Amino acid sequence: MSLIYPRSGLKAHPLNNSPDYRSTLKRAPSQPLILLPHTLSETTGPVFGHVAVSEIDSDLTRAHAGEPLGERIIVTGRVLDEDGRPVPNTLIEIWQANAAGRYVHVRDQHPAPLDPNFTGAGRAVTDADGRYRFVTIKPGAYPWRNHHNAWRPAHIHFSLFGPSFLSRVITQMYFPGDPLFRFDPIFQSITDERARNRLVSRFDIETTEPEWALAYQFDIVLRGRDATPTEEPHEH
Amino acid sequence: MSTEKPDGLTPSQTIGPFFAYALTPRAYGGSELATEQVAGEGVAGERIRIEGTVLDGDGAPVGDAMIETWQADAEGRFHAAGNAGFTGFGRAETSAEGGFFIETIRPGALPGPNGTTQAPHLTVSVFARGLLIRLATRIYFDDEPGNAQDPVLALVPAERRGTLIAKRGAGGIFRFDIRLQGEDETVFFDA
Numbered sequence: 001m002s003l004i005y006p007r008s009g010l011k012a013h014p015l016n017n018s019p020d021y022r023s024t025l026k027r028a029p030s031q032p033l034i035l036l037p038h039t040l041s042e043t044t045g046p047v048f049g050h051v052a053v054s055e056i057d058s059d060l061t062r063a064h065a066g067e068p069l070g071e072r073i074i075v076t077g078r079v080l081d082e083d084g085r086p087v088p089n090t091l092i093e094i095w096q097a098n099a100a101g102r103y104v105h106v107r108d109q110h111p112a113p114l115d116p117n118f119t120g121a122g123r124a125v126t127d128a129d130g131r132y133r134f135v136t137i138k139p140g141a142y143p144w145r146n147h148h149n150a151w152r153p154a155h156i157h158f159s160l161f162g163p164s165f166l167s168r169v170i171t172q173m174y175f176p177g178d179p180l181f182r183f184d185p186i187f188q189s190i191t192d193e194r195a196r197n198r199l200v201s202r203f204d205i206e207t208t209e210p211e212w213a214l215a216y217q218f219d220i221v222l223r224g225r226d227a228t229p230t231e232e233p234h235e236h
Numbered sequence: 001m002s003t004e005k006p007d008g009l010t011p012s013q014t015i016g017p018f019f020a021y022a023l024t025p026r027a028y029g030g031s032e033l034a035t036e037q038v039a040g041e042g043v044a045g046e047r048i049r050i051e052g053t054v055l056d057g058d059g060a061p062v063g064d065a066m067i068e069t070w071q072a073d074a075e076g077r078f079h080a081a082g083n084a085g086f087t088g089f090g091r092a093e094t095s096a097e098g099g100f101f102i103e104t105i106r107p108g109a110l111p112g113p114n115g116t117t118q119a120p121h122l123t124v125s126v127f128a129r130g131l132l133i134r135l136a137t138r139i140y141f142d143d144e145p146g147n148a149q150d151p152v153l154a155l156v157p158a159e160r161r162g163t164l165i166a167k168r169g170a171g172g173i174f175r176f177d178i179r180l181q182g183e184d185e186t187v188f189f190d191a
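Protein sequences appear in the order of chains A and B. Our numbering puts the first residue of the first sequence at 1, with every later residue one more than the last. Our numbering puts the first residue of the second sequence at 1, with every later residue one more than the last.
Just chain A, with the same shape it has in the complex (with noise of 0.2 Å):
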């Protein structure tokens, strides 16, 4: 199946020129991005399959000894092309705080708790239908530097490839209804209101697992379309 890249899509995404988010004042080029033609060097790229990954590396909550503490949650969805269709076998990497806000990188020097049974990384591969299903627990809102008071909401970090350099994005799933979004000038640099919304899950009671874990739903979009769509019949 030979795929193109539209880029009108690209619109969703925020611009590295985005003063709130502080970090961006000195590391933003200032020059203008020059248009690349979609070659084989773009329209390729590394594929990982299902030898990358161990059915364990998705269940974030078995990675040590002991269940870590939070809330347990199931996060699934589905990864799809611009047209819909189901991007399969393609690896997602995650990685988040624990339930007290904290990371485990060396770097992060929040005084909140360190979970000895909770590192925070996962991987996992869609399936025929581009599903994807990872198990970990709630993360916690934790403080940064960027303005006065300022708070990240709640988020996992996803990292995608999907079938080429051109599809390749990292990105951040939030959860639904956090108080935090309106000061968060990370999310708010999603300029479009429905853009930015695409990276809320969705609480789903269908998926939650009775005495066990709160699910949601976070289906992902990735650049890509097939060359040679079929037009679909219309009604008279």
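A couple of the hints might just be wrong.
Said to hold, decoys possible - Taking CB as the label site, the calculated pair distances span:
1) B:ARG47 - A:PRO32: 19 to 29 Å
2) B:LYS5 - A:ARG133: 21 to 31 Å
3) B:GLY108 - A:ALA227: 37 to 47 Å
4) B:GLN149 - A:GLN109: 43 to 53 Å
5) B:GLN149 - A:ARG7: 24 to 34 Å
6) A:ARG133 - B:ARG168: 43 to 53 Å
7) B:GLY82 - A:HIS147: 48 to 58 Å
8) A:PRO111 - B:ARG168: 43 to 53 Å
9) B:GLU46 - A:ASP127: 37 to 47 Å
10) B:GLY85 - A:PRO32: 38 to 48 Å
Because the hints were derived from the structure by calculation, they are not lab data. These figures come from a predicted structure and were not determined experimentally. In this text, a Cβ means the ideal position worked out from N, Cα and C, and glycines have one as well.
Fit chain B to the supplied structure of chain A, relying on the hints for placement.
Below, chain B without anything else, positioned relative to chain A:
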């Protein structure tokens, strides 16, 4: 299966400062999906090492970036059969001093648009705190005569082309610094 057309792309967000224990987890004892080593032993081609530093608009090192590289093999092919040990994909975390390296084989020339030939190059993604969407760039090589006919370099103003060209120095190591902003800013692409 019914396919409902999605509302639009999932927007990008920054990689943030705390990705290493998941994406480049060597120091954390985690399993690495990909590393600075792109080609295993026995892969055909000229062995090369590319080194560089990622710098911000003040010229300060960016010590929390991730660099990913993607390339053809020595014959200019992607995903060629019978090329075991060659992934084509490299991933490196910058050091506290902003440094990174990639060890690979020199890629071959490959077809470009409209019957052109692309000079050997690596395709690069730069992710970092402060970047809300990855930066796309390319690494070319200063000893390739084909650069003069490369259709992508031709799109770049001549005075900025040099930012895309790694320069061979002592010990045969190619040098490629990435300047995110300001003087001699690296050319980044709208892919």
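Hint check:
Checked against the hint of 19 to 29 Å, the C-beta distance between B:ARG47 and A:PRO32 comes to roughly 36 Å, which is inconsistent with it. Between B:LYS5 and A:ARG133 the Cβ separation comes to about 24 Å, which falls inside the hinted range of 21 to 31 Å. Our hint of 37 to 47 Å for B:GLY108 and A:ALA227 is violated, since their Cβ atoms are close to 26 Å apart. For the pair B:GLN149 and A:GLN109, the beta carbons lie near 51 Å from each other, so the given range of 43 to 53 Å is met.
Separated by about 26 Å at the C-beta atoms, B:GLN149 and A:ARG7 satisfy the suggested range of 24 to 34 Å. Checked against the hint of 43 to 53 Å, the pair A:ARG133 and B:ARG168 passes, with Cβ atoms roughly 48 Å apart. Separation of B:GLY82 from A:HIS147 is about 55 Å and conforms to the stated range, judged on CB atoms against 48 to 58 Å. A:PRO111 and B:ARG168 have their C-beta atoms about 48 Å apart, which keeps the hinted 43 to 53 Å range intact.
The given range of 37 to 47 Å is respected by B:GLU46 and A:ASP127, whose C-beta atoms sit roughly 40 Å from each other. Distance hint check for B:GLY85 and A:PRO32: the Cβ-Cβ separation is about 39 Å, which falls inside the suggested range of 38 to 48 Å.
Violation of the numbered hints given earlier is confined to hints 1, 3; the remaining hints are satisfied by the structure.
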